[in-house]
Amino acid sequence: MRNNSVVLKILFFTGVLLLGALLFFKYSHRGTSTNAVEKNEVAVSLKDNKSEVQPLTILSEPKEVEKAPAQFNSEEQRKWGMIQEIMKSKNDNDPRLDKEFRDMTLAFHAELFHQYQTLPMESRNERGLIAFLIARDIKNSQDMEFLKSIYNEKPCMSLNDCTTTSESDPHLAGIDQTSVNYPQLAALYQIEKQLNSGNKIFESNDFKDQLRQVLAHASQFPVPMVQKKADAIKAAHPL
Amino acid sequence: MFKALFIIGTAIASSLAMALSFDADVPVTIKMQMEADLAFIGGIQGSGQTALHKEVFGDVSGITYKKFFESHIQTVGISYCRNGLPVACVFPTINENKLFLTQNFVKLSIPQTARLMVIYHESRHAEKENKLLAKDIGFSPNWPHANCPIPFLDNQGRDKTIMKSGEKLEGLPACDTSAYGSYGSSTILFKNLSKFCRNCSDKIKMDADMFASDQLSRISDAGSLKSMLVDFNEARLEGYAE
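Residue numbers (the numbering used here), protein chains in the order written: chain L, 1 to 239; chain P, 240 to 481.
Hints in this document: simulated from the structure, not taken from any laboratory.
Please read these numbers as outputs of a predicted model, since none were measured by experiment.
Positions of the beta carbon are idealized from the N, C-alpha and C atoms, including for glycine.
Among the clues, some could well be false.
Claimed, not checked - Below, computed lysine-lysine pairings styled on DSS-like, alpha-carbon distance capped at 30 Å: (1) P:K337 - L:K88; (2) P:K270 - L:K88; (3) P:K465 - L:K228; (4) L:K228 - P:K444; (5) P:K465 - L:K154; (6) L:K154 - L:K234; (7) P:K465 - L:K193; (8) P:K293 - L:K193; (9) L:K99 - P:K444; (10) P:K337 - L:K154; (11) L:K200 - P:K444; (12) P:K444 - L:K234; (13) L:K79 - P:K444; (14) P:K407 - L:K228; (15) L:K208 - P:K444; (16) P:K407 - L:K234; (17) L:K234 - P:K465.
As the list claims (entries may be wrong) - Computed far set for chain P versus chain L, every beta-carbon distance over 10 Å: (18) K293; (19) F307; (20) K367; (21) T416; (22) Y419; (23) S440; (24) S466; (25) D470; (26) N472.
Said to hold, decoys possible - Away from chain P, derived, C-beta distances all over 12 Å, residues of chain L: (27) F72; (28) R78; (29) W80; (30) D92; (31) N93; (32) A107; (33) A110; (34) Q115; (35) E122; (36) N125; (37) R127; (38) N140; (39) Q142; (40) Q210.
Can you make the complete structure from the sequences, with help from the hints?
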């Protein structure tokens, strides 16, 4: 009887150890898989409507990884490589986003403006990430000009091709709609957060005036969900 | 003794591996992205939750979300869904516990939160509760959507439309009257992430709020909408007296 109890205990602890080892293997493997999404073309067999093999083009990846500008110092170069890696990984929960990109240099800001302009319009998450980073780290009037320029863009009509309208699935169209307007919304959400947290930069009359202009442009952006957000910020924070 | 250990080890490994299986023809990029997204949500740590979240999911935690997902979806396949438009779908009449992903899951540049929102929205449709008969199923499977009211207006009196096509949402099966359907439950999940996630980045928390607000706009019943806003402590912001 006692022997059976000892054997059962051994089996139980061995099982727990095995479970721990398997979980470790499983999650450490998953952790590396995020960065491994690198193939641009994959043969996909589609069930249901189509059975032919079709090439899969990843629209969201920048065609070329932006090289670090030569004038960057070593710290900026390191961070530039990091932000390119994060964009490519599609991991929006990368802790480096909050640890490394809260207080960026002016040169880094300028390079982000440039990358925003060179990314395809359809790179909504990447363009939105840049808008988010700049709006979270507003330093000067160039940042405000950049934010204003986001609302001077033509609205993106479709995630596949920003220039065309097409058939839509009403069921989940809202998620598409939020995604196509993501850069415009991300900037507004961050501006709202800065105002709610009492960012001192907006105490200056110059910045107040520039912020008024950004919000005025956002209110004119011809998409109701963007207008609504801009109007809500203006109503909550009279400038 | 070694034989017993081997059997136990194999059984544990099988139970883990079987938690979610992918069809052989799911492209590796899609499988890896799905696994990465699930690993992220499965690792969430929370610091509280609203009453509706407690009721539908439990605590804000990765364990809760993993358990919810795995109790709804066992298999992942690849499909064209509805004309290749969404990133994911379910066909409960064919297989209640199978989620289909489309090429759009990795092809389109959308935030990680948007992908997860579709997955959890569709998972709710994979639930047996509130099941429709097969003959009734069009675009509205389990936890069927309600037709949006006619007219369906925003708070400034403008028609709510689908931006891509310009089509009005009024009369389309793209609303929920309940807080517990696919639009409501995904709103509850992501509003709670935005408020209570302890290990989410600023971007994830911002996105969770942003995409939840969109899903919330599909709640067409004023009473359900108000109860949700009260639950999120946002009723006053939207002009409701609490």
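Note to self: Against the 30 Å threshold, does the CA-CA distance of K465 of chain P and K154 of chain L hold or violate the hint?
What the structure shows: violated, 35 Å
Notebook entry, point to check: Is the nearest Cβ of chain P still more than 12 Å from the Cβ of E122 of chain L?
Noted result: violated, 6 Å
Item checked: Distance rule for R127 of chain L, whose beta carbon must clear each one in chain P by more than 12 Å -> Answer for R127 of chain L: violated, closest chain P Cβ roughly 8 Å.
Check: Is the nearest CB of chain L more than 10 Å from the CB of D470 of chain P?
Finding: holds, 20 Å
Next item on the list: With a cut-off of 30 Å on the C-alpha distance, tell me whether K337 of chain P and K154 of chain L pass.
Entry: Given pair K337 of chain P, K154 of chain L is violated - Cα atoms ~39 Å apart, limit 30 Å.
Check: Between K270 of chain P and K88 of chain L, is the straight-line Cα distance small enough, at 30 Å or below?
Finding: Since the Cα atoms of K270 of chain P and K88 of chain L sit roughly 17 Å apart, the hinted pair holds (cutoff 30 Å).
Checklist line | Satisfaction of hint between K228 of chain L and K465 of chain P, Cα-Cα up to 30 Å | finding: holds, 19 Å
Note to self: Please verify that the nearest CB of chain P lies beyond 12 Å from N140 of chain L's CB.
What the structure shows: Non-interface label on N140 of chain L holds, nearest chain P Cβ at 21 Å vs cutoff 12 Å.
Margin query: Need the status of pair K407 of chain P, K228 of chain L: alpha-carbon distance at most 30 Å?
Written below: OK: K407 of chain P and K228 of chain L at ~18 Å, within 30 Å.
Next item on the list: Below or equal to 30 Å on CA atoms is what counts here, so check K200 of chain L against K444 of chain P.
Entry: holds, 23 Å
Item checked: Satisfaction of hint between K465 of chain P and K234 of chain L, Cα-Cα up to 30 Å -> holds, 23 Å
Next item on the list: For the pair supplied as a hint, K293 of chain P and K193 of chain L, confirm whether the alpha-carbon distance does not exceed 30 Å.
Entry: The hint holds at about 27 Å.
In this structure, the earlier hints numbered 5, 10, 23, 30, 31, 35, 36, 37 are contradicted, and the remaining ones agree with it.
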